[in-house]
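Put together the whole structure using the sequences plus the hints.
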Amino acid sequence: MADLSYSQPRTQSNLGKIALRWLLYVLLCLFAVYYLMPLFVMVTTSLKSLEEIRTGSLVALPREVTFDAWKTAWSGACTGIQCEGLQPYFWNSVMLAVPAVMISTLIGALNGYVVAQWRFKGANLIFSLMLFGCFIPFQVVLLPMARLLGLMGLAGTIPGLIFVHVIYGIGFTTLFFRNYYVTIPSELVKAAKVDGANFFRIFWSIFLPLSLPIIVVTVIWQFTQIWNDFLFGVSFSQAGTQPVTVALNNIVNSTTGVKEYNVDMAAAIIAALPTLLVYVVAGKYFIRGLTAGSVKG
Amino acid sequence: MSEWLENHLPKMVLAPSFIAVLVFVYGFIGWTAWVSLTRSKLLPRYEIKGFVQYDKLFDSPRWDTAMNNLFIFGALFIIIAMVLGLLLAIMLDQKIRTEGVIRTIYLYPMALSMIVTGTAWKWILNPGLGIEATVRGWGFENFSFDWVVNPDFAIYTIVLAAVWQSSGFVMALFLAGLRSVDGEIIKAAQVDGIPTWRIYSAIIIPSMAPIFLSAFIVLAHLAIKSFDLVIALTGGGPGYATDLPATYMYAMAFSRGDIGQAASSAMIMMLVVFAIVVPYLYSELRAKNDG
Amino acid sequence: MAPILDIKNLYKNYGTTEILKDINVAIEPGDFLVLVGPSGCGKSTLLNCIAGLEPITGGSLHIGGKDMTHVSPKDRDIAMVFQSYALYPTMSVAKNITFGMKVRGVDQATQERKLAEVASQLQIEQLLNRRPGQLSGGQRQRVAMGRALVRDPKLFLFDEPLSNLDAKLRVEMRSEIKKLHQTLGASMVYVTHDQIEAMTLATKIVVMKGGVIQQIGTPSEIYNKPANLFVADFMGSPAMNLIPAKVRQNGAGAEIEITRPNSAPIILHDPKASGLPQDVILGLRPEDIAEAGFRAGENVQQAECHVDMVEPAGADTYVVSQLGGKQITARMHAETSAVAGQSLSFAFDLSKVSYFAKETGERLN
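Respectively, the protein sequence lines represent chains A, B and C. So in the working numbering, spot 92 of the first sequence is number 92, and the numbers just go up one at a time. Each number in the working numbering comes from the position in the second sequence (counting from 1) with 1000 added on. Each number in the working numbering comes from the position in the third sequence (counting from 1) with 2000 added on.
Derived from the structure by calculation, the hints contain no laboratory data. Here the structure is a predicted model, which means the values were calculated and not measured. Treat the hints with caution; some may be incorrect.
Stated by the list, open to error - Derived BS3-like pairs (lysine-lysine); straight-line CA-CA distance at most 30 Å:
no., chain 1, residue 1, chain 2, residue 2
1, C, Lys2008, A, Lys121
2, C, Lys2074, C, Lys2204
3, A, Lys121, C, Lys2179
4, C, Lys2008, C, Lys2225
5, C, Lys2179, B, Lys1011
6, C, Lys2114, A, Lys190
7, C, Lys2246, A, Lys190
8, B, Lys1187, A, Lys284
9, B, Lys1011, A, Lys284
10, A, Lys121, C, Lys2074
11, A, Lys190, C, Lys2066
12, C, Lys2204, C, Lys2095
13, C, Lys2178, C, Lys2074
14, C, Lys2204, A, Lys190
15, A, Lys190, C, Lys2154
16, C, Lys2114, C, Lys2154
17, B, Lys1011, A, Lys121
18, A, Lys190, C, Lys2352
19, C, Lys2102, C, Lys2114
20, B, Lys1095, A, Lys190
21, C, Lys2209, C, Lys2168
22, C, Lys2179, C, Lys2246
23, A, Lys190, C, Lys2168
24, A, Lys190, C, Lys2102
25, C, Lys2352, C, Lys2246
26, A, Lys190, C, Lys2021
27, C, Lys2008, C, Lys2209
To be verified - Stretch by stretch, here's where chain A covers chain C in the computed footprint (C-beta under 8 Å, at least three residues):
no., stretch
28, 2074-2084
29, 2098-2110
To be verified - Far from chain A, some chain C residues (derived; all Cβ distances over 12 Å):
no., residue
30, Leu2087
31, Leu2122
32, Pro2153
33, Lys2168
34, Ile2216
35, Ser2237
36, Gln2249
37, Gly2314
38, Arg2331
Built from N, CA and C at the ideal position, the CB exists for glycine as well.
Dropping the structure here:
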C-alpha cells in the first residue's frame, strides 16, 4: 500500500491516533451495512410468509422461516401466461451462456494473439475499430439485429441469442487477450519460428499454456455479462426462450393477482445465484477483469 | 503457396471478427441512422425524408423528460459514485486488517444483474412496506420516503440504486490506482514532514488523473446504457417520470411500433456516447502508440 | 572455400525509413563475426534479416552457398540465441531443447540422443526436468545455447546474449562462448553493443552506425587502424585520444603542430605524414602516450604537458591533460611521478598514430 505509516506528525497524541482508527473502522462497517442491507432484506423477505411481510418490519428477521416462496419462485411463479416458475428460464440462461462464453472466449484468444504478436499493416486500426464496438449503446443495433434474426430464421431462439452475445462480446474478449498477450516477449515467437513452428503451433504450444489467468478472467467477465444481460434477452427472445433475467422481471412486474413479495425476492436471489457464486469463489479474477482495460498501467 | 498462407494467416484469422464488427456494429449503426431519416413506422421504409423524426423527437415532452433525466441521473450518479468510490478507496488504503472481506462486500453488487438490483431496491423503497414503513414503525410517524411513486423524486431512487451497484467498482479502480503511485515519491514527502492528508491531496490524487478519467468513462457509459435498472425499479414511471432515452427507445421500438422514433432516439444516444468516448479512446490509443 | 555467409548490397526499409544501407559482408566457415555499434545502429535488425525474421528490401543473402533471401527461418539452417533467451516458460528444459526437433518430426530416439549429447556438452544434465523459471541467468543461457546446438546448424546467431547478466557472470559466459566456438569450429554471428566483447570474441568485426557499415576488419585492424573518427572513438577503452592538429609539410615528412594551454604549441615530427592536408585530427591511444623515459620506439617524441588529473587504476595510472583544446588521457605505469597541477614530460609514440580528415572524419593514413 502507499505506506503512510510514518507520516503521522509526532505531536499527535497516541489517543488521537487510536480514535481516528476507530472512526475509520466504524465508517467501514457502516458502509458494509449499506452494501449488505439489500441482500439481507432479500434473503429475509424470501423466507417470510406474506402475512409476516405485511405486518412485520422490513429489517426484522423472519419469525417463522418458510421456504414456500422459494418453491413457488422455482416452479410455480407466473411469467405472463405460463406459471412454471423460473426453472425453465434458468436453464435457458444456462444453454445460452455456456456456448456463448466458450465461443466468444476462443475467438477473443485468437484475435488477441494476432493483434498482440503478429503485427501487420492496419492491425492497430482494425483493433481500434473493434474496440470502439464495445462502447456503443446497444440500442443502436437493436432494430437491425431484430430484422436480421428474423431473416435468418433465428428470431426468438436461443441460438439467435447466442449469436448476438458472441458478436458483441468479441470486442471485450479480444481486448482482454490482447492486453495479456502483449506482455509476452515477442522473442518467444521468434525462437519458435526459428524452431520451425507455424502460427497455430505457436499458439497451441506456447501461448495457450500461458493463458490460464486471462482465460479465467475472460470467462468470468463474459459469463457475468451474458447471464446478467436483459436488453438483448428481452428484445430477441419470446415466451419459451427467455433468459432468467427477463423471466424475473416478468414475475416481479406481472400485474395479475396479489403481489407476492417473498416470491419476488426468492426469484431475484435464484437469478442472481450463479454470478454471485462465481464472484465469491473467483472474485479476485473478477476484479482483475473489471480493471483490466481501465487502469492505465 | 504455403508461404503466402503463412504470411497472411494472421490477417485471415482476424478477418471474420473484423468483418463481423464492420457489419454488425458499423453497418447496423448506418442502418439505424438511415431509418432515423425516414418516415418508418411499424415497418422500415427506406426513402429519406430528412430530419422529420428528430423534429418529432425533440418536440416530444416524453423525450424531453428522458433527456433531462439522463443528465440529472448521469451527473448525480457519476459524481456520487466517484466521490464515494474515492472515499472508500482511501479508507481501505489505510492497512485495514480485514481488507479482503470488506472489499468483497463493497464490490459484490457489481456481480448482480441490474434487474436483480432494481427488484431489490424497488422492494426496499416500497412506500407501504419498505423503509418508510419500517422507520414509521420505529416511532417516526411522519417519516415519508415515497420517492419511488413520486414523479418529482423517482429519478433519485434510480441514482440510489445505481450508486449502490457501481460504487464498489469505482472503489476497486481507485484502490488499484492509489497503490500504483510510486512509493519513493511518498517516502520523499514523508521525509519532508508532509502530513498524511496533504500527501493524499497534493501528491496521490493528482497523479491518479488518468484513472479518474477511466472511471468517468465507464460510469458515463453505464449511465447511458441504464435500461435494465429503470425497467426493474420503476418501469419508467410513475408515468414517464423516470424515462431515460434507453427506455424511450425500447418503448418506441417494441411497444409503440414506431421504428422511426426508435431509430432516431437510438442515434441520439449513440451521439452522446460518441462525444464522450471518442476523445478518450483517441488519446489513449495515441499514448499507447507513442510509448 | 565458399563463404558460409554472403551478404550483398542488402537494404532494409520500414516504410520510407532506411534502416540498413548497402550492407556487404562475407565470412568463411569457422569465423566469429561480431556486429557492434551503438543502440539504433541496425545491428539487431541485420541479425534478424540474416535469420529471416525480418524481410529484406533489396540485395541478396546466401548461407552455405544457397540463396536464402526469401527463405523462411526454419529452412535457413540457422540457430539463434536471444537476449532474453526466449525459453518456452511452460516447458521443461528438455522439452525446450527438443521442441524444434519435435516440430520437424524427428523420431523420438534421435531426439533423446541429441538431447543427451548437448546436455553433457553444456553440463546441464541435472537441469533437464526443471522449468526456465527455476534456473539462474547463467543456466538459462546454457539452455538457450543447448537449444541452438541441437540443431547442428550452419550458422549460430547471437543477439546480445550477455546483456542481461551482471558483470562477473558476463565475463564467465563470454569465455564459455569463446570456448564453444573453438571446440565446435562453428560459424557464428554475434551482436553486441559492448566493444570489449567484440574485441575478445571476434575473428572479424563489423562496426555499424546509422544502418551503414563503418568498417569491417579483424580486431587488430579495427583497433590499430580505425577507418574513421567514429570507429576510433567507439572501439577501445578508454577511448582513443582525438586531437586537432595543424600539419606543415617540410622536405622530410611533416611537422605536426598541436596547441597547448598556457604554452607554445607542441611540434611533433612524423616522416610518414607527407601528403596530409593542413587540418587533421590526430589519433593516439592512451597506451601510446607514456611518461618520458619509459617508452622506446622508432618515433617517440617528448613534450612538456600540464597534468590536470591523476587517476590510479591499480596496474596503471591514467593521467589527464589537455592538448589541441581537447582532454587527453595517457596510460602510464603505476609508479609514475605525475602529480596533478604540475608539468610532466610526456612521451608520444607516433608509430601507431592515426590521422583523420577534419571535415569527413575519414582515415588519411
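Consistency of the hints with the structure:
Taking the CA atoms of lysine 2008 of chain C and lysine 121 of chain A, the gap is about 28 Å. The hint holds against a cut of 30 Å. For the suggested pair lysine 2074 of chain C and lysine 2204 of chain C, the alpha carbons sit about 26 Å apart, so the restraint of at most 30 Å is met. Restraint check for lysine 121 of chain A and lysine 2179 of chain C: not satisfied, since their Cα atoms lie roughly 43 Å apart, outside the 30 Å limit. Distance restraint check for lysine 2008 of chain C and lysine 2225 of chain C: the Cα-Cα separation of roughly 24 Å lies within the 30 Å cut-off, and the hinted pair is therefore satisfied.
For the proposed pair lysine 2179 of chain C and lysine 1011 of chain B, the alpha carbon gap of about 45 Å is over 30 Å, so the pair is violated. As the CA atoms of lysine 2114 of chain C and lysine 190 of chain A are separated by approximately 23 Å, the hinted pair is consistent with the 30 Å bound. Taking the CA atoms of lysine 2246 of chain C and lysine 190 of chain A, the gap is near 53 Å; set against the 30 Å cutoff, the hint is violated. With a C-alpha separation of about 29 Å, the suggested pairing of lysine 1187 of chain B with lysine 284 of chain A holds against the 30 Å cut-off.
Taking the CA atoms of lysine 1011 of chain B and lysine 284 of chain A, the gap is about 34 Å. The hint is violated against a cut of 30 Å. Only pairs whose Cα atoms come within 30 Å are accepted, and lysine 121 of chain A paired with lysine 2074 of chain C is accepted, the gap being roughly 24 Å. A hinted pair counts as satisfied when its Cα atoms are at most 30 Å apart, and lysine 190 of chain A with lysine 2066 of chain C qualifies at roughly 22 Å. At roughly 34 Å between alpha-carbon atoms, lysine 2204 of chain C and lysine 2095 of chain C are farther apart than 30 Å, so this suggested pair is violated.
The suggested pairing of lysine 2178 of chain C with lysine 2074 of chain C holds, with an alpha-carbon distance near 26 Å, which does not exceed 30 Å. The suggested pairing of lysine 2204 of chain C with lysine 190 of chain A holds, with an alpha-carbon distance near 26 Å, which does not exceed 30 Å. In summary, the hint linking lysine 190 of chain A to lysine 2154 of chain C is supported, as the alpha carbons are separated by about 18 Å, within the 30 Å threshold. Pair hint lysine 2114 of chain C plus lysine 2154 of chain C holds up; C-alpha atoms about 17 Å apart against a cutoff of 30 Å.
The suggested pairing of lysine 1011 of chain B with lysine 121 of chain A holds, with an alpha-carbon distance near 10 Å, which does not exceed 30 Å. Straight-line distance between C-alpha atoms of lysine 190 of chain A and lysine 2352 of chain C comes to about 44 Å, which puts the hinted pair past the 30 Å bound. Restraint check for lysine 2102 of chain C and lysine 2114 of chain C: satisfied, since their Cα atoms lie roughly 12 Å apart, inside the 30 Å limit. This hinted pair does not check out: lysine 1095 of chain B and lysine 190 of chain A have alpha carbons roughly 44 Å apart, beyond 30 Å.
At most 30 Å may separate the alpha-carbon atoms for a hinted pair to count; lysine 2209 of chain C and lysine 2168 of chain C meet this at roughly 28 Å. This hinted pair does not check out: lysine 2179 of chain C and lysine 2246 of chain C have alpha carbons roughly 47 Å apart, beyond 30 Å. Restraint check for lysine 190 of chain A and lysine 2168 of chain C: the C-alpha separation of about 28 Å stays at or below 30 Å, so the hint holds. Taking the CA atoms of lysine 190 of chain A and lysine 2102 of chain C, the gap is about 17 Å. The hint holds against a cut of 30 Å.
For the proposed pair lysine 2352 of chain C and lysine 2246 of chain C, the alpha carbon gap of about 18 Å is at most 30 Å, so the pair holds. For a cut-off of 30 Å, the pair hint linking lysine 190 of chain A to lysine 2021 of chain C stands: about 24 Å separates their Cα positions. Our distance criterion of 30 Å between C-alpha atoms is met by lysine 2008 of chain C and lysine 2209 of chain C, whose separation comes to about 18 Å. For the stretch 2074-2084 of chain C, the stated coverage by chain A is satisfied: 7 residues place a CB nearer than 8 Å to a CB of that chain, which reaches the threshold of 3.
Judged by the Cβ-Cβ criterion of 8 Å, the stretch 2098-2110 of chain C is covered by chain A as claimed, because 4 of its residues qualify and three suffice. With a cut of 12 Å on Cβ distances, leucine 2087 of chain C falls inside the contact zone with chain A, its closest approach being about 8 Å. Separation of leucine 2122 of chain C from chain A is adequate, the least Cβ-Cβ distance of about 17 Å exceeding the 12 Å criterion. Under the 12 Å C-beta cut-off, the non-interface status given to proline 2153 of chain C relative to chain A is violated; the minimum distance is some 9 Å.
Once the 12 Å rule is applied to beta carbons, lysine 2168 of chain C is consistent with being away from chain A; the minimum gap is 25 Å. Listed as a non-interface residue, isoleucine 2216 of chain C keeps its Cβ farther than 12 Å from every Cβ of chain A; the least gap is roughly 26 Å. The Cβ of serine 2237 of chain C lies farther than 12 Å from every Cβ of chain A, with a closest approach of about 29 Å, so its non-interface assignment holds. Non-interface status of glutamine 2249 of chain C relative to chain A is upheld: no Cβ of that chain comes within 12 Å, the nearest being about 56 Å off.
Distance check for glycine 2314 of chain C against chain A: the nearest CB is about 38 Å away, which clears 12 Å, and the non-interface claim stands. For arginine 2331 of chain C, the condition that its CB be more than 12 Å from all CB atoms of chain A holds, with the nearest at approximately 40 Å.
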